[in-house]
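Number of protein chains: 2
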Amino acid sequence: MQKKNKPLLFDPFTTRENNQKLLKQKAIVVWLTGLSGSGKTTLANALQHFLLQNGHITKLIDGDELRSTLNKDLNYTQQHRTENIRRAAEVAKLFLDSGVITCCAFITPTEELRTLSKTIIGENDYVEIYVKCSLEECEKRDVKGLYKKARKGDLINFTGINAPFEVPEHPALVVETQHQTIQECLTQIYDLVRLRISVK
Amino acid sequence: MQKKNKPLLFDPFTTRENNQKLLKQKAIVVWLTGLSGSGKTTLANALQHFLLQNGHITKLIDGDELRSTLNKDLNYTQQHRTENIRRAAEVAKLFLDSGVITCCAFITPTEELRTLSKTIIGENDYVEIYVKCSLEECEKRDVKGLYKKARKGDLINFTGINAPFEVPEHPALVVETQHQTIQECLTQIYDLVRLRISVK
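In order, the protein sequence lines correspond to chains A and B. If you're matching positions, the first sequence starts at 19 in my numbering and goes up one per residue. If you're matching positions, the second sequence starts at 19 in my numbering and goes up one per residue.
Please note that the accuracy of each hint is not assured.
[Stated by the list, open to error] Here are the simulated DSSO-like cross-link-like pairs (lysine-lysine), alpha carbons at most 30 angstroms apart as the crow flies:
#	chain 1	residue 1	chain 2	residue 2
1	A	LYS218	B	LYS162
2	B	LYS162	B	LYS39
3	B	LYS42	A	LYS42
4	A	LYS90	A	LYS166
5	A	LYS111	B	LYS111
6	B	LYS136	A	LYS90
7	A	LYS90	B	LYS111
8	A	LYS136	A	LYS170
9	B	LYS111	A	LYS44
10	B	LYS136	B	LYS90
11	A	LYS111	B	LYS42
12	B	LYS170	B	LYS44
13	A	LYS111	B	LYS44
14	B	LYS111	A	LYS162
15	B	LYS111	B	LYS44
16	A	LYS39	B	LYS44
17	B	LYS162	A	LYS42
18	A	LYS218	A	LYS44
19	A	LYS136	B	LYS90
20	B	LYS44	B	LYS136
21	A	LYS218	B	LYS136
22	B	LYS44	A	LYS218
23	B	LYS162	A	LYS111
24	A	LYS90	A	LYS158
25	B	LYS111	A	LYS136
26	A	LYS42	B	LYS218
27	B	LYS90	B	LYS39
28	A	LYS44	A	LYS111
29	B	LYS136	B	LYS111
30	B	LYS44	A	LYS90
31	B	LYS136	B	LYS39
32	A	LYS162	A	LYS136
33	A	LYS39	B	LYS111
34	A	LYS44	B	LYS218
35	B	LYS218	A	LYS39
36	A	LYS162	A	LYS39
[Stated by the list, open to error] Okay, the calculated beta carbon distance ranges per label pair:
#	chain 1	residue 1	chain 2	residue 2	range
37	B	GLY73	A	ASN72	54 to 60 angstroms
38	B	GLU101	A	ASN175	22 to 28 angstroms
39	B	LEU153	A	GLU184	49 to 55 angstroms
40	B	GLU83	A	THR205	33 to 39 angstroms
By construction, these hints were calculated from the structure, which means they are not laboratory data. Since we're looking at a predicted model, the values are computed, not measured. Glycine included, C-beta positions come from ideal geometry on N, C-alpha and C.
For reference, chain A alone in the conformation it holds in the complex:
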């Protein structure tokens, strides 16, 4: 730029604060972990809908969606499953830094992966919710037909069948989709979330 210009002093790191003020909300990342078919995306959608109705700006980052766009170059090896979570968390962080309330729906099967996402996002802004549902029930639902495929041996590293799911050690909340209605789960989640996103 020409010398006669005064430097424009704008700190990009204040974007979050400024946006939060404009949006009248505090940003957090709600990270839903649980087996395939446990209801993560359904709950994330419901939460997003509810927050929107209450005037909040949100972003839903869903495993299936990301796998067909940003992460379409990744397969299901352990290395790529880790990379899948790393990128998801980095994207969530970008939204967080924009003041947007972000819901992530990813199986995130191990404590190591959940620690990775928490570390990238930052412990203070990371709210982990365990969407609990038994393997038997998830397999019975089998909405996407993936359990059937996995049992046939057509899928590698399918959580619950030929890859482990470690029960989250320190989730902020556990919802049990096998025994509760969507509305009950949502109420529990919102009771936790609203305290964190309120500007008062």
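Given chain A, work out where chain B should sit, using these hints.
Chain B in isolation, oriented as in the chain A frame:
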């Protein structure tokens, strides 16, 4: 979920529309292309600042920032430079779909790469701005000392030195940071942008 629940009919694809309504803005992606040191990030910062002052919610996606977070696994081979742009465009699309006005500052040296980003983002939402500045001037500025390193042979595929920069064929706007002040460039950009983001 338990059978007694009615299905929750929420279409994720309406998020952009709903958010835009709440934010009182239309989202676009402003893609700044130009040599290293041409002033892309400075202008993107200034634009973001200006839009914020006018009540808009924006996100700046900057090449240097992304290289240290989401894209930190990438190097500077042609293959990885392409992947760098692909991911940036996918992230921009996620912000666009959230109703957020997004500014991207990436060298994007070839028509092929610019076509890639335009294709991912969608032609209707992609506003390409060529931040024009001569190689001589950029090299003289050399804010990050990269041209010096590249001349020494320490950097591979450094645009302008040992990798080509193709002049954009169909930018929506050209700003010339060598001959105009920041304010003049910004005014030109804003004149173009405000027509696209206005809800009226």
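Going through the hints against the structure:
no. : hint                                    : verdict
1   : LYS218/A x LYS162/B                     : violated (42 angstroms)
2   : LYS162/B x LYS39/B                      : violated (41 angstroms)
3   : LYS42/B x LYS42/A                       : holds (14 angstroms)
4   : LYS90/A x LYS166/A                      : holds (23 angstroms)
5   : LYS111/A x LYS111/B                     : holds (16 angstroms)
6   : LYS136/B x LYS90/A                      : holds (18 angstroms)
7   : LYS90/A x LYS111/B                      : holds (15 angstroms)
8   : LYS136/A x LYS170/A                     : violated (34 angstroms)
9   : LYS111/B x LYS44/A                      : holds (23 angstroms)
10  : LYS136/B x LYS90/B                      : holds (23 angstroms)
11  : LYS111/A x LYS42/B                      : holds (24 angstroms)
12  : LYS170/B x LYS44/B                      : violated (46 angstroms)
13  : LYS111/A x LYS44/B                      : holds (23 angstroms)
14  : LYS111/B x LYS162/A                     : holds (26 angstroms)
15  : LYS111/B x LYS44/B                      : holds (14 angstroms)
16  : LYS39/A x LYS44/B                       : holds (20 angstroms)
17  : LYS162/B x LYS42/A                      : violated (37 angstroms)
18  : LYS218/A x LYS44/A                      : holds (10 angstroms)
19  : LYS136/A x LYS90/B                      : holds (18 angstroms)
20  : LYS44/B x LYS136/B                      : holds (18 angstroms)
21  : LYS218/A x LYS136/B                     : violated (41 angstroms)
22  : LYS44/B x LYS218/A                      : holds (29 angstroms)
23  : LYS162/B x LYS111/A                     : holds (26 angstroms)
24  : LYS90/A x LYS158/A                      : holds (28 angstroms)
25  : LYS111/B x LYS136/A                     : holds (24 angstroms)
26  : LYS42/A x LYS218/B                      : holds (23 angstroms)
27  : LYS90/B x LYS39/B                       : violated (35 angstroms)
28  : LYS44/A x LYS111/A                      : holds (14 angstroms)
29  : LYS136/B x LYS111/B                     : holds (10 angstroms)
30  : LYS44/B x LYS90/A                       : holds (28 angstroms)
31  : LYS136/B x LYS39/B                      : holds (25 angstroms)
32  : LYS162/A x LYS136/A                     : holds (28 angstroms)
33  : LYS39/A x LYS111/B                      : holds (24 angstroms)
34  : LYS44/A x LYS218/B                      : holds (29 angstroms)
35  : LYS218/B x LYS39/A                      : holds (24 angstroms)
36  : LYS162/A x LYS39/A                      : violated (41 angstroms)
37  : GLY73/B x ASN72/A: 54 to 60 angstroms   : violated (20 angstroms)
38  : GLU101/B x ASN175/A: 22 to 28 angstroms : holds (23 angstroms)
39  : LEU153/B x GLU184/A: 49 to 55 angstroms : holds (54 angstroms)
40  : GLU83/B x THR205/A: 33 to 39 angstroms  : holds (38 angstroms)
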